[in-house]
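These protein sequences, in sequence, are chains A and Z.
For the first sequence, this note's numbering assigns the number 1 to the initial residue and increments by one for each residue that follows.
For the second sequence, this note's numbering assigns the number 1001 to the initial residue and increments by one for each residue that follows.
Honestly, the hints are just simulated from the structure, not real lab data.
It is possible that part of the hints are untrue.
Unchecked claim - Straight line, CA to CA, 25 Å or less: simulated DMTMM-like cross-link-like pairs of lysine to aspartate or glutamate:
1. A:K38 x Z:D1308
2. A:K38 x Z:E1316
3. Z:K1319 x Z:E1123
4. A:K38 x Z:D1320
5. A:K38 x Z:E1318
6. Z:K1166 x Z:E1085
7. Z:K1319 x A:E44
8. Z:K1319 x A:D36
9. Z:K1146 x A:E156
10. Z:K1202 x A:D29
11. Z:K1202 x A:E44
12. Z:K1096 x Z:E1187
13. Z:K1100 x Z:D1084
14. Z:K1146 x Z:D1172
15. Z:K1202 x A:E52
16. Z:K1146 x Z:D1084
17. Z:K1301 x Z:E1187
18. Z:K1319 x Z:E1299
19. Z:K1301 x Z:D1210
20. Z:K1241 x Z:D1210
21. Z:K1301 x Z:D1208
22. Z:K1146 x Z:D1102
23. Z:K1319 x A:E52
24. Z:K1166 x Z:D1149
25. Z:K1202 x Z:D1102
26. Z:K1096 x Z:D1068
27. Z:K1301 x Z:D1077
28. Z:K1301 x Z:E1209
29. Z:K1202 x Z:E1123
30. Z:K1241 x Z:D1227
31. Z:K1202 x Z:E1187
32. Z:K1146 x Z:D1077
33. Z:K1166 x Z:E1155
34. Z:K1301 x Z:E1318
35. Z:K1319 x A:D29
36. Z:K1100 x Z:E1187
One-letter residues, chain by chain:
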Amino acid sequence: MLAEALRAANIRGIRDTVPSFCSLAVHYDPLVLLDDAKGHAAYEVLSGRLTEIVSRVSDVVPKPARTIEIPVCYGGEYGEDIGTLSAAHGLSEPDVIELHSAATYFVGMLGFAPGFPYLAGLDEQLVTPRRATPRPRVPRGSVAIGGEHTGIYPLELPGGWHLIGRTPLTLFDPSRDPPSLLAAGDQVRFVPIAPADFDVLLAEAPWP
Amino acid sequence: MALNIIRAGILSTVQDLGRWGFQRFGVPVGGAMDEFSYRLANVLVGNNEADAAVEITLSGPAFTLSADTLLAVCGGDFEPRVNDERLPRARPVLVKSGAKVDFGRCRRGCRAYLAVSGGFQVEPVMGSRSTFLRGGFGGYQGRALKRGDVLETGETDVTLYPSLRKRLEAGDAAFANPSWAATERVELLAPGPYVIRFTRGKHWDCFDEDALAQFQIGEYRVGTNSDRQGYRLVGPPMPLKVPLDLISEGVTFGTIQVPPDGEPIVLMASRQTTGGYPRLGEVISADLPLLAQLPPGAEMKFQQVTLDQAHALLLEREKDLARMRQAVQLQARQ
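Go ahead and model the full structure; you've got the sequences and the hints to work with.
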């Protein structure tokens, strides 16, 4: 991917690259660039180099994305909005679980909070506008639907998405390298689990 | 060597230049709001400019020192005191072990930076000592300072400012300082409205033309619900020509975005990594330190510049800092 190619190019002055669904933000330090550009306009010099890298990358076939399986305990106390969400679409709760766990999702970007994935590929029947009033606290690990995306809350956070389940996995750990379980470009599948499995998995790999 | 916190103040946090390189995982950069004052405070005590300092907000902390400590305070004016004497700002001050340093309320600006020789010793997380409050990591245990905290400092470099050391040892004073001071920002000395310069944003042309004209002549006030994450601006609203449905993408320190209510928000140090609102402009890096010092209620005006001008202004500020660094290094030998 372009973000990887840019990191590999290791251009002096680039401080950060942030991929999103259809763009890549490049954070640069103008002082380093001005120094290297020797009197030329720093932005133009950097744009020139980026354009050149972009033209090379488009010829490269992207390597197959990772597919990461996320165990989810759906409904009940784990996903308290699953009832209202299924009713709103004229579906049963098992239908919602079936539709949500049958799809393969694409991590379009991480944002909003550390390790929070915006997942594309939600079945049209599950597309639901965000809640009118966000919750002040969404439990850590909540799997939720917001608009045409589904996502996972890596930490306890305020949030306006509809909660349909919860994963025991640790999505984000500052002491891990990389700190985030997921990266932009990954593929994700959800695997339904029972409450007992949730407890076992959580006991095996407790949250930091 | 340590600071023993007697009173924490409204929001006192350990900060540095920020947590770069992890935005692709959704991790905010954070770091000092007023990077200039933060760096200057480090320069004055002979530190690396990226050493951790304490950012003090609106109402300051009080603490005692467990050893003789070389410190400097830059940025907003809190009229700090050592025991009962005024602590001079924007210069190195050697303070005696056991002395009590007390920051009052902020009189001018909104944030001060306290640097100590050797820096504050907290464990770096993802390469940075900055506190990320919402994520609960970095800085001092991932949170703002509280009463009773013991904030470890590095070793004060005893070869710096030998004349101050002699004076402190010879007399009964609680601290010693040179008569000179570093030149701080002068803009804050004048009353507002303060001029904040910006470059056009990605969606500039999508905004209503009359509103764009108004944006550049009207005055805005820093909203009361402004914080380290963003400044909400109260002033002429900025409607779009037609509604836009945008896909989220990367944003930065200084991005001026406009949510559907039309009231601009300037993203600050603890901004999220991505945003989906239309982007009216970007506040230039050279003016972010001034903006970061404007408290809620302060008035400001926006002035448009080109990207090349913005780069030149940043370079100028950097040269100022470099000159001060050189001058300070000479003084530190005396």
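We went through each hint and held it up to the structure:
no.	hint	in the structure
1	A:K38 x Z:D1308	14 Å, holds
2	A:K38 x Z:E1316	16 Å, holds
3	Z:K1319 x Z:E1123	31 Å, violated
4	A:K38 x Z:D1320	20 Å, holds
5	A:K38 x Z:E1318	17 Å, holds
6	Z:K1166 x Z:E1085	20 Å, holds
7	Z:K1319 x A:E44	23 Å, holds
8	Z:K1319 x A:D36	16 Å, holds
9	Z:K1146 x A:E156	22 Å, holds
10	Z:K1202 x A:D29	19 Å, holds
11	Z:K1202 x A:E44	17 Å, holds
12	Z:K1096 x Z:E1187	33 Å, violated
13	Z:K1100 x Z:D1084	9 Å, holds
14	Z:K1146 x Z:D1172	31 Å, violated
15	Z:K1202 x A:E52	22 Å, holds
16	Z:K1146 x Z:D1084	23 Å, holds
17	Z:K1301 x Z:E1187	13 Å, holds
18	Z:K1319 x Z:E1299	28 Å, violated
19	Z:K1301 x Z:D1210	16 Å, holds
20	Z:K1241 x Z:D1210	10 Å, holds
21	Z:K1301 x Z:D1208	19 Å, holds
22	Z:K1146 x Z:D1102	15 Å, holds
23	Z:K1319 x A:E52	32 Å, violated
24	Z:K1166 x Z:D1149	31 Å, violated
25	Z:K1202 x Z:D1102	45 Å, violated
26	Z:K1096 x Z:D1068	4 Å, holds
27	Z:K1301 x Z:D1077	23 Å, holds
28	Z:K1301 x Z:E1209	18 Å, holds
29	Z:K1202 x Z:E1123	38 Å, violated
30	Z:K1241 x Z:D1227	29 Å, violated
31	Z:K1202 x Z:E1187	29 Å, violated
32	Z:K1146 x Z:D1077	22 Å, holds
33	Z:K1166 x Z:E1155	18 Å, holds
34	Z:K1301 x Z:E1318	24 Å, holds
35	Z:K1319 x A:D29	15 Å, holds
36	Z:K1100 x Z:E1187	31 Å, violated
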